[in-house]
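Kindly generate the complete structure, drawing on both the sequences and the hints.
Residue numbers (our numbering), protein chains in the order written: chain U, 1 to 380; chain P, 1 to 380; chain E, 1 to 380; chain S, 1 to 380.
Accuracy of the hints is not assured; some may be wrong.
[Unchecked claim] Residues from chain S shown here face chain P by an in silico Cβ test under 8 Å; the list is partial:
#, residue
1, Phe48
2, Val223
3, Gln286
4, Lys290
5, Ile302
[To be verified] To list a few chain U residues with every Cβ distance to chain S over 10 Å, as calculated:
#, residue
6, Leu21
7, Glu63
8, Gly97
9, Asn278
10, Gly316
11, Glu319
12, Lys366
Hints listed in this document are in silico derivations from the structure and should not be mistaken for laboratory results. We treat Cβ as the ideally placed atom computed from N, Cα and C, and that holds for glycine.
Number of protein chains: 4
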Amino acid sequence: MGMIGGGKNAFIGAIHRCAALMDNQIELVCGCFSSTPERSLESGRSYFVPDHRIYKNFEEMIEQESKLSEGERMDFVTIVTPNHLHYNPAMLALAHGFDVVLDKPMTYSLEQAYKLRDKVEETGRTLLLTHVYSAYPAIKEMRNKIRNGEIGKVRKIYVEYPQGWLSERIELQKGNNAGWRTDPKRSGKAGCIGDIGTHAWHLSEYVTGAKVTELCAELNTFVSGRPIDDDGAAFLHYDNGAKGVLMATQVAQGEENSLRIRVYGEKAGLEWRQQEPNTLCWKDQQEPIKLLRVGNGYMSDIAKWNTRTPGGHPEGFIEAFANLYRNFALTVRARAKGEQPTAEMLDFPTVYDGVRGLQFIETMVKSGYNDEVKWIKWVE
Amino acid sequence: MGMIGGGKNAFIGAIHRCAALMDNQIELVCGCFSSTPERSLESGRSYFVPDHRIYKNFEEMIEQESKLSEGERMDFVTIVTPNHLHYNPAMLALAHGFDVVLDKPMTYSLEQAYKLRDKVEETGRTLLLTHVYSAYPAIKEMRNKIRNGEIGKVRKIYVEYPQGWLSERIELQKGNNAGWRTDPKRSGKAGCIGDIGTHAWHLSEYVTGAKVTELCAELNTFVSGRPIDDDGAAFLHYDNGAKGVLMATQVAQGEENSLRIRVYGEKAGLEWRQQEPNTLCWKDQQEPIKLLRVGNGYMSDIAKWNTRTPGGHPEGFIEAFANLYRNFALTVRARAKGEQPTAEMLDFPTVYDGVRGLQFIETMVKSGYNDEVKWIKWVE
Amino acid sequence: MGMIGGGKNAFIGAIHRCAALMDNQIELVCGCFSSTPERSLESGRSYFVPDHRIYKNFEEMIEQESKLSEGERMDFVTIVTPNHLHYNPAMLALAHGFDVVLDKPMTYSLEQAYKLRDKVEETGRTLLLTHVYSAYPAIKEMRNKIRNGEIGKVRKIYVEYPQGWLSERIELQKGNNAGWRTDPKRSGKAGCIGDIGTHAWHLSEYVTGAKVTELCAELNTFVSGRPIDDDGAAFLHYDNGAKGVLMATQVAQGEENSLRIRVYGEKAGLEWRQQEPNTLCWKDQQEPIKLLRVGNGYMSDIAKWNTRTPGGHPEGFIEAFANLYRNFALTVRARAKGEQPTAEMLDFPTVYDGVRGLQFIETMVKSGYNDEVKWIKWVE
Amino acid sequence: MGMIGGGKNAFIGAIHRCAALMDNQIELVCGCFSSTPERSLESGRSYFVPDHRIYKNFEEMIEQESKLSEGERMDFVTIVTPNHLHYNPAMLALAHGFDVVLDKPMTYSLEQAYKLRDKVEETGRTLLLTHVYSAYPAIKEMRNKIRNGEIGKVRKIYVEYPQGWLSERIELQKGNNAGWRTDPKRSGKAGCIGDIGTHAWHLSEYVTGAKVTELCAELNTFVSGRPIDDDGAAFLHYDNGAKGVLMATQVAQGEENSLRIRVYGEKAGLEWRQQEPNTLCWKDQQEPIKLLRVGNGYMSDIAKWNTRTPGGHPEGFIEAFANLYRNFALTVRARAKGEQPTAEMLDFPTVYDGVRGLQFIETMVKSGYNDEVKWIKWVE
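Now the structure itself:
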């Protein structure tokens, strides 16, 4: 693995490294970790990367690495830069035959997303988009139960992601990640909706297998002076007839990452919360509430495949991330050997999720910023 | 107290009796408890009401009671019949000089609500509308903190009321309360939105002191054959600039009465859940989460006024109801003596809440059942 | 109902009144509410008791009431005074043919308990001992499941009752209930163990149907200057082979009334917490955790008999108390008519629970205050 | 890192590998992973260890590795075998100059523990004992607050560890970890008390800084035919005057790893639960309950040092384990450079915790298996 971005103190880069390494499937072999060569070098050394594989910029890295022998060169690139810096390195990496890991939203614009999709199809490479919440074992269980029809036809989906960290205009201070997230030049058309709304939307499609076909949104900016949304909500219509309500906010004082999804079908309902991720709650009218706990024998095979510890030894955010990396690594390795990856290996978000994510942003912005017409067909 | 409706097996009548009696302020002295005289008699006897004060119908009851001497006759009427049977007995009782307790929604139609309001104003009587959730002590605390500005200017309100009991078409069976609630001829224009959506909306206005000025709703009917909404959601704009999301559903399999409200201000957020009603949760970015527990010394005077037990001895739904009845009884008694009731006594929903409730239903239906125009000004 | 004690500001007297009245089975007709006639009169008036039935002392009350006609006089006496003032009024009331309601521990000493038991047997009257926690509907369900053998042979019982209100020596201040509870002349041989340890012990026997045969205890006094235990724990052996651990403390800073019981059998475990009393938790190795919620159709008949509200409308401490009063009232009424009360009516703690409670205190004190020999056979 | 034990399907070996690798401080370079060379080879290959460094047995591994050059050979040995197989490889590794990581209990017997301690002192090597629960960030916070005197003088400690997996005699089946744990020839003198009782005891000493001086225990065997305890409890006296109650059981049907510790001081109480490890609960009589959440700015430096994710992105069991490995690795690296490790680095359990752990087992067994005398001084 080579890493672009993720210098010291960058939160998400550190998570990516832990997650990639923990299953002993991946090593960090090179990187350009910062916009300045000095910082990149300092960071790379602290990650035990040899000096000659700490690069000045991503172009140099991709060029140089592609010249190394197959066993020696990096196998794939992880890009953990702000949104507006995803596209160029991803395109270049694909062009040089490298697989790619990207954070969401996949690109700065929908147009870039389409081009990236085309490049992936053209090169036949593998792209992992790190919608991490879809990789929790309890979410696998939830999806499995819904797919099996255990809750019956899906009627209602509630998905919400409240955060509080942008309750004040902290982007004016240094030393936090708020700057680029609240700057349309770097984050793209949406703020809150792009940053966490996409996670909520994606999770709803992932667990139900349904696709949003139209929506009605309201986007708000509560913090004065901020040039982009810091809050939003939407009514959603899905292609299976389900109706949804999505809420995402970054001004809910005191909320951390309180992502929560509830899906109610004709027979039963399921609920999951990211902050207590090892429990999946089943509810129906006839029987006691059931709490399915990760790590127990009664869980499905797909949940077990994404679980490392026995019941009661909590797994968390990094393990979910690690599930993405491990599945991706196994897929890449199988493909390198000319083998067909199993369904379990292939269970990670790809470039197509990325394209839909940008479409979601586009549709939300079109609906939520426009006072006249509210119900908008999904933008393609 | 005289009771109209509330025969044996009627859930809400039993709650009203427990709540009215428990504080030793009110006695049940007469009633017409059922549509048939036999059942009324049977019910009344089981409530220890003497035979001669168990009436055949409400007209007889109001007539006869009004002829009794002041100390002897009932002081007020509690009406616990289906929605379409609120208006007539309430009007008649007011006309005969009795105070009135009514369940929500106050009347079958907005037109009736206006007339009832006019009658209350004309007669100078007291009307209690039993929006019971507003009477929990932790809700008093929540309201007090918001009013005092402790959470700062309110930005976002999330209020939700999921139930599951109408997930199937149980109104076709006998022996439950679903029949009139899903029949527009008896419930009024809205089903779920009238039954529990009104509670959610009212609570949001009660705790914040703000009023909804416009909304954008979607009302759904998920259960096939049902002639009225069993689900709905709305975006709300309040007169203080706050934005809200309201969700109410009766098809969320396995949900009981999971009413929950969250209010986020510029400085902090507050959260309360009806199913764990003795805890109020305070959140902000700087400090640990705080759980305020009813019955402790640090609670406000208004919360204490509505609390009977020390911390850790849970109070529940009936105590909340009893708070309404006790405040109402104290108000009625003070007025009878020509005294001005205190602010604490007067803290219960009145005919004006009832009028706004019907306006809410009217506005929701106008917005949520209409596919063209979505944002609707509050109907007056 | 006549009441002895329970003047204004007395917490537990107010609870008793609410609980007795709420089901419309009982009226408060007379009382001597305080040690001074003036205060008794003031309190009685505020409870709407007519002046001539507000008595100076319990002797006068019992004498006078016994002279009234059957329909007019009180049917039973509720005694809500400190422990050392239970015995005399109870004996006198029984002697005059009144049934009796007593708070726990039943008497000041074991000797008194035996005499009271003999008096009850001699007079054939009914005595209710208000071990209120045994009257929660979820506890009824727990007991029912254990009795039915659903969890298999019971192995382990954990019962704990942590409170924090005596963390400081507040008995030196006025205006709280700590004074007599920490004074061996008024509370009896034990402090914490008598006040709340008895509740914990009783609950363990009630839900399992087993009896403690021997125990090993440690009693502590943490607050300097306090002449009695404010903390304790015990290992318990039950007659069905189960082993228990009991913990009770009044110096656990910040704890309210955090009573909790867990019972593990060969097949499953059950857990209940007083502060969230409407949920019973079922656990076994093979299946998801199950949360049984009071008010649902799947609950047992005995749980339903003790439930007033539908699922999700929480019941609390006062409703549990009311279950005791209602069952007692129905029993007394049936016996007055010469009928045999049903098993459901008879489901309340009696004088025999009271005797065992004093034996428990005696055994705990003998074991826990003695450094030499620890395992003590149950004192009889 | 070289690993002894931890072949495929061995739960705890996999956890050790994830934890060691995730912070990019440690690589797995060699190992003997199983008792048979074939399985060891198969396991090692799946871990990407080159064939020539997959050894037949630990003697060969330590011999061969010690002959490699400093940069090439393993830096330390991780021993994840059953208890009776800890001592020999640990002694040999120390003798050859390798640092050692050991699971608890450290050795099979107290005698071995003393010898191992002497060997560590003699060789000057570093030994990490993986009492993993002490490495959770919320536990660091708890310890920090107690050490700073924030809760005042400690009065009462409740620590409990209920599990249910040994509720039946599953050790008679294959394919689980119950076999050696319930066999006194492999586990040592105690079963449940050695396996999880030690964790509970250790945590109580770790967070309070106090040492147990005497105890009174009861050890039970509930599952018929099992030759060792599967349940136990103890009263504990600590050298700071605190009193404790410890409970550990492996027959609590349906319990996973429900470790929980509560410490009450004169001013406040603190509570932590392993199954929701990112919350530390603070309670006192004067103020609302406070929930301190890992990853927030208000946490102490030592908690932050042991945290990887921002608030609301849960960390779990593997991250706690990784904290141990990282601190150990930093300590070993500092010492290798002749530097003094910082206090933060040195914050992990060592051979002295291991010795006390065996003393704890010895004392518990002496007290809990002996019906005569119960209070036992700590065995040294």
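Quick rundown of the hints versus the structure:
no.	hint	in the structure
1	Phe48	violated, 43 Å
2	Val223	violated, 36 Å
3	Gln286	holds, 7 Å
4	Lys290	holds, 4 Å
5	Ile302	violated, 17 Å
6	Leu21	violated, 5 Å
7	Glu63	holds, 25 Å
8	Gly97	holds, 23 Å
9	Asn278	violated, 8 Å
10	Gly316	violated, 4 Å
11	Glu319	violated, 6 Å
12	Lys366	holds, 30 Å
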